[in-house]
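Enquirer: The residues making up each chain are set out below.
Protein chains: 2
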Amino acid sequence: MNSNYYAVIMAGGVGARFWPMSRTSQPKQFIDILGTGESLLQQTFKRFEKICPKENIFIATNSIYRELIKEQLGIPDNQILCEPIRRNTAPCIAYANHKIMSKNPDATVIVAPSDHVIVNSDLFHDVVLSAMDAATKNEWLITLGIRPSHPNTGYGYIQYDENVMYAADNRIKKVKTFTEKPELEMAKSFLTSGDFLWNAGIFIWSAKSCAKAFRQFLPEVDELFEEGKRFYNTPEETAFINETYPKCRNISIDYGVMEHAKNVYVLSSDFGWSDLGTWGSLYEHLPKNKHQNSIVGDNVMTYDTQNTIIHMPKGKLAVIQGLEDYIVAEDSGILLICKKSEEQKIRQFVTDVEVEKGEKFV
Amino acid sequence: MNSNYYAVIMAGGVGARFWPMSRTSQPKQFIDILGTGESLLQQTFKRFEKICPKENIFIATNSIYRELIKEQLGIPDNQILCEPIRRNTAPCIAYANHKIMSKNPDATVIVAPSDHVIVNSDLFHDVVLSAMDAATKNEWLITLGIRPSHPNTGYGYIQYDENVMYAADNRIKKVKTFTEKPELEMAKSFLTSGDFLWNAGIFIWSAKSCAKAFRQFLPEVDELFEEGKRFYNTPEETAFINETYPKCRNISIDYGVMEHAKNVYVLSSDFGWSDLGTWGSLYEHLPKNKHQNSIVGDNVMTYDTQNTIIHMPKGKLAVIQGLEDYIVAEDSGILLICKKSEEQKIRQFVTDVEVEKGEKFV
Numbered sequence: 001m002n003s004n005y006y007a008v009i010m011a012g013g014v015g016a017r018f019w020p021m022s023r024t025s026q027p028k029q030f031i032d033i034l035g036t037g038e039s040l041l042q043q044t045f046k047r048f049e050k051i052c053p054k055e056n057i058f059i060a061t062n063s064i065y066r067e068l069i070k071e072q073l074g075i076p077d078n079q080i081l082c083e084p085i086r087r088n089t090a091p092c093i094a095y096a097n098h099k100i101m102s103k104n105p106d107a108t109v110i111v112a113p114s115d116h117v118i119v120n121s122d123l124f125h126d127v128v129l130s131a132m133d134a135a136t137k138n139e140w141l142i143t144l145g146i147r148p149s150h151p152n153t154g155y156g157y158i159q160y161d162e163n164v165m166y167a168a169d170n171r172i173k174k175v176k177t178f179t180e181k182p183e184l185e186m187a188k189s190f191l192t193s194g195d196f197l198w199n200a201g202i203f204i205w206s207a208k209s210c211a212k213a214f215r216q217f218l219p220e221v222d223e224l225f226e227e228g229k230r231f232y233n234t235p236e237e238t239a240f241i242n243e244t245y246p247k248c249r250n251i252s253i254d255y256g257v258m259e260h261a262k263n264v265y266v267l268s269s270d271f272g273w274s275d276l277g278t279w280g281s282l283y284e285h286l287p288k289n290k291h292q293n294s295i296v297g298d299n300v301m302t303y304d305t306q307n308t309i310i311h312m313p314k315g316k317l318a319v320i321q322g323l324e325d326y327i328v329a330e331d332s333g334i335l336l337i338c339k340k341s342e343e344q345k346i347r348q349f350v351t352d353v354e355v356e357k358g359e360k361f362v
Numbered sequence: 001m002n003s004n005y006y007a008v009i010m011a012g013g014v015g016a017r018f019w020p021m022s023r024t025s026q027p028k029q030f031i032d033i034l035g036t037g038e039s040l041l042q043q044t045f046k047r048f049e050k051i052c053p054k055e056n057i058f059i060a061t062n063s064i065y066r067e068l069i070k071e072q073l074g075i076p077d078n079q080i081l082c083e084p085i086r087r088n089t090a091p092c093i094a095y096a097n098h099k100i101m102s103k104n105p106d107a108t109v110i111v112a113p114s115d116h117v118i119v120n121s122d123l124f125h126d127v128v129l130s131a132m133d134a135a136t137k138n139e140w141l142i143t144l145g146i147r148p149s150h151p152n153t154g155y156g157y158i159q160y161d162e163n164v165m166y167a168a169d170n171r172i173k174k175v176k177t178f179t180e181k182p183e184l185e186m187a188k189s190f191l192t193s194g195d196f197l198w199n200a201g202i203f204i205w206s207a208k209s210c211a212k213a214f215r216q217f218l219p220e221v222d223e224l225f226e227e228g229k230r231f232y233n234t235p236e237e238t239a240f241i242n243e244t245y246p247k248c249r250n251i252s253i254d255y256g257v258m259e260h261a262k263n264v265y266v267l268s269s270d271f272g273w274s275d276l277g278t279w280g281s282l283y284e285h286l287p288k289n290k291h292q293n294s295i296v297g298d299n300v301m302t303y304d305t306q307n308t309i310i311h312m313p314k315g316k317l318a319v320i321q322g323l324e325d326y327i328v329a330e331d332s333g334i335l336l337i338c339k340k341s342e343e344q345k346i347r348q349f350v351t352d353v354e355v356e357k358g359e360k361f362v
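Chains as they are written, first to last, in this note's numbering: chain A, 1 to 362; chain B, 1 to 362.
I should point out that these hints are in silico values taken from the structure, not numbers from a laboratory.
A virtual CB, placed ideally from N, CA and C, is assigned to each residue, including glycine.
Errors might be hidden in some of the hints.
Where chain A lies over chain B, by a calculated footprint (3+ residues, C-beta under 8 Å) [said to hold, decoys possible]:
| id | stretch |
| --- | --- |
| 1 | 298–307 |
| 2 | 327–338 |
Covered stretches of chain A, going by a simulated chain B footprint (3 or more residues, C-beta under 8 Å) [to be verified]:
| id | stretch |
| --- | --- |
| 3 | 298–305 |
| 4 | 317–324 |
| 5 | 328–340 |
Straight-line distance between alpha carbons at most 27 Å, and here's what the computed BS3-like set of lysine-lysine pairs gives [to be verified]:
| id | chain 1 | residue 1 | chain 2 | residue 2 |
| --- | --- | --- | --- | --- |
| 6 | B | K290 | A | K340 |
| 7 | A | K339 | B | K316 |
| 8 | A | K345 | B | K290 |
| 9 | A | K314 | B | K339 |
| 10 | A | K316 | B | K316 |
| 11 | B | K345 | A | K290 |
| 12 | A | K212 | A | K174 |
| 13 | B | K339 | A | K339 |
| 14 | A | K357 | B | K314 |
| 15 | A | K316 | B | K314 |
| 16 | A | K316 | A | K345 |
| 17 | B | K46 | B | K314 |
| 18 | B | K345 | A | K314 |
| 19 | A | K314 | B | K314 |
| 20 | A | K339 | B | K314 |
| 21 | A | K340 | B | K316 |
| 22 | A | K137 | A | K229 |
| 23 | B | K357 | A | K314 |
| 24 | A | K288 | B | K345 |
| 25 | B | K316 | A | K314 |
| 26 | A | K262 | A | K212 |
| 27 | B | K288 | A | K357 |
| 28 | A | K137 | A | K103 |
| 29 | A | K103 | A | K54 |
| 30 | A | K345 | A | K181 |
| 31 | B | K208 | B | K262 |
| 32 | A | K290 | B | K340 |
| 33 | A | K70 | A | K103 |
| 34 | B | K188 | B | K176 |
Next up, chain A with everything else stripped away, as it sits in the complex (with noise of 0.2 Å):
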């Protein structure tokens, strides 16, 4: 294993959209959320230490999940990065850069969400270590990008030059365009294009990399964590950060960094990536039975019921009759039941309910 390579697993999100399993106290990186015995995070840091040695996988979260990160993890706290408030993906990757070429300049990175679900893990390991190692050998800043299999209104997508690609390995071609959420007519377009890939939010680039586009493109935000230089990997760490990262802009990677970088290079590959953003994706993702029914949970048992996503908790009694195309979920004590195709009021369910009960549920 090259002791060179590092991964820094973006943990810090917070989600109402799969409410109420996910929750401000527990989002969805943390949840078993598949019901395969394990979290997402757990998940995602199964297919880093694969790839780098384990004691280079760091996790960038909010300082509020620190204790739920050892306890999933079981790894100590020098390698859990705390913000201490939300400032979205490019601080968080200014700071864990910085600190990664304090421990080894020559590092060459993965930066990756946790609570994506990946279904070919073998090919995607195959993919990471070759778009690693373009990475330790060429200047660029290398994404992951998935051919899209129709035209998804809710991903960015990524449009890639034909003609310009990597020798070594011709999947990683120089990317043209970022293009955020389009409306469907233009997803549409970019489907049948075919240059077009969906941005699964996975970086690759060697630490110095980072370090330059950064400066390059983020100068205010780069110059934030390098006056912490002498602070990395000691006990003065926290409270540097503590102090720094509010004056940080709230700013993405993508919209900070990629959108301008010239440099910029997508692996585009197809092993099975889902960001798991609706329920709609999850239940794309789940096991379903011969009625077309998603159950997770010990104690269900259902009658003329199909095409349905059941999420109970363990032990949980649950006999569930005549539901079509449903979701059943519950969590904490709290019982959601919606029609899979309005899954995008949940949040509204949320708000009224805060609002209503003068309770935070989320």
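Given chain A, work out where chain B should sit, using these hints.
Expert: Relative to chain A, chain B alone:
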């Protein structure tokens, strides 16, 4: 208040129909199924407190419910008649009547189930007092009959003789026939004929008339309890009953006595009665909001949901979207979702659950 007036409330039933709320450990009569803050038993007891002295009200039940009853009603052990084993209504009534006779041979007694709903309690009070008076002055076995509103096939029917009525209250008429749950066509013809009433299972008689009827029609049951004469209302009563009760036939008062006796009268009335035998009949009696939802539970929010019964434990947060004509009920951590039209399947679900899990859930 007439100190010769006594009441026997039958509260020994189990009941799977309102599962998961109603289970052996907590049958329907002990539940606040109407969301009023009182169980059906408590409501029944309250109605009889206005008719006879509190100490003259006896609860006939299974011994496993003794503590629950003391808790709900705050009455002493001597007013709780504990059957060691289930033997239907005739043995229960024979026991209660012997016990009351040994206290007061001039007693007039009303016998009633504990788990019915009575909407118009003023009219009920008036009806019962009139029947008690008639039963005191006449050697009659009086039942309460409800003027039927629809051809219900779940109820027993009583046909009366239009020409033979009590001068002091011409709502009291002589009974011609008893009919158990009829087929739909027969139930329809009963309604058309106009001289059929629903059998509410409420009986009023003098203790002496009741004793006489048992001696005549169920002599072997009567003799068993006659033998215990010296034990009633003594510390030996329980031991005697525990030994005697299992020897009794399992037979209902209707089948064993009422269908044979010639001195049966019915008081026809309409005080808004239901045996709450089904979710459908419960729904009729629950308050409904503007969407025709009946909601028991203080933390339930509904969207696009109509004609649905929701029964949630106190404090339980439930967000329910997109249901029409459903039952959603939770109790003791067991969740049931079922179309109202399929409520007759609930018994089967419970059986399936027990077979599947090898565990008693009812």
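Enquirer: Now, for every hint given, state plainly whether the structure supports it.
Expert: Evaluated hints:
Under a criterion of three residues with beta carbons nearer than 8 Å to beta carbons of chain A, the stated coverage of the stretch 298–307 of chain B is upheld, 4 such residues being counted. Judged by the Cβ-Cβ criterion of 8 Å, the stretch 327–338 of chain B is covered by chain A as claimed, because 8 of its residues qualify and three suffice. Proximity of the stretch 298–305 of chain A to chain B, defined as three or more residues with a beta carbon under 8 Å from a beta carbon of that chain, is established by the 4 residues found. By the rule of at least three residues with a Cβ nearer than 8 Å to a Cβ of chain B, the coverage given for the stretch 317–324 of chain A holds, with 7 such residues.
With 9 residues carrying a beta carbon less than 8 Å from a beta carbon of chain B, the stretch 328–340 of chain A meets the three-residue requirement, and the given coverage holds. For the suggested pair B/K290 and A/K340, the alpha carbons sit about 25 Å apart, so the restraint of at most 27 Å is met. The straight-line distance between the Cα atoms of A/K339 and B/K316 is roughly 21 Å, inside the 27 Å bound, and the hint therefore holds. Taking the CA atoms of A/K345 and B/K290, the gap is near 22 Å; set against the 27 Å cutoff, the hint holds.
Restraint check for A/K314 and B/K339: satisfied, since their Cα atoms lie roughly 25 Å apart, inside the 27 Å limit. Of the supplied pair hints, the one linking A/K316 and B/K316 holds, its CA atoms being roughly 15 Å apart against a limit of 27 Å. Among the hinted pairs, B/K345 with A/K290 is consistent with the structure: their alpha-carbon atoms are about 22 Å apart, no more than 27 Å. A C-alpha spacing of about 19 Å is found between A/K212 and A/K174, which places the hinted pair at or below 27 Å, so the restraint holds.
With a C-alpha separation of about 15 Å, the suggested pairing of B/K339 with A/K339 holds against the 27 Å cut-off. As the CA atoms of A/K357 and B/K314 are separated by approximately 14 Å, the hinted pair is consistent with the 27 Å bound. Distance restraint check for A/K316 and B/K314: the Cα-Cα separation of roughly 18 Å lies within the 27 Å cut-off, and the hinted pair is therefore satisfied. This hinted pair checks out: A/K316 and A/K345 have alpha carbons roughly 26 Å apart, not beyond 27 Å.
Straight-line distance between C-alpha atoms of B/K46 and B/K314 comes to about 24 Å, which keeps the hinted pair within the 27 Å bound. Restraint check: the Cα-Cα separation between B/K345 and A/K314 comes to about 25 Å, which is no more than 27 Å; the hinted pair holds. For the hint linking A/K314 to B/K314, the alpha-carbon distance of about 22 Å falls within 27 Å, and the restraint holds. A C-alpha spacing of about 25 Å is found between A/K339 and B/K314, which places the hinted pair at or below 27 Å, so the restraint holds.
Proximity of A/K340 to B/K316 is assessed by CA-CA distance (about 23 Å); at most 27 Å being required, the pair is judged to hold. With a C-alpha separation of about 26 Å, the suggested pairing of A/K137 with A/K229 holds against the 27 Å cut-off. At roughly 14 Å between alpha-carbon atoms, B/K357 and A/K314 fall within 27 Å of each other, so this suggested pair holds. With a C-alpha separation of about 25 Å, the suggested pair A/K288 and B/K345 falls inside the 27 Å cut-off, and the hint holds.
The hinted pair formed by B/K316 and A/K314 meets the criterion: a straight-line CA distance of about 18 Å does not exceed 27 Å. Note on A/K262 and A/K212: the hinted pairing holds, with a Cα-Cα distance of about 12 Å set against a maximum of 27 Å. A C-alpha spacing of about 22 Å is found between B/K288 and A/K357, which places the hinted pair at or below 27 Å, so the restraint holds. Proximity of A/K137 to A/K103 is assessed by CA-CA distance (about 20 Å); at most 27 Å being required, the pair is judged to hold.
This hinted pair checks out: A/K103 and A/K54 have alpha carbons roughly 15 Å apart, not beyond 27 Å. Pair hint A/K345 plus A/K181 holds up; C-alpha atoms about 19 Å apart against a cutoff of 27 Å. At roughly 16 Å between alpha-carbon atoms, B/K208 and B/K262 fall within 27 Å of each other, so this suggested pair holds. Among the hinted pairs, A/K290 with B/K340 is consistent with the structure: their alpha-carbon atoms are about 25 Å apart, no more than 27 Å.
A threshold of 27 Å between alpha carbons decides the hint, and for A/K70 with A/K103 the separation of about 22 Å falls inside it, so the pair holds. The suggested pairing of B/K188 with B/K176 holds, with an alpha-carbon distance near 18 Å, which does not exceed 27 Å.
In summary, this structure violates none of the numbered hints.
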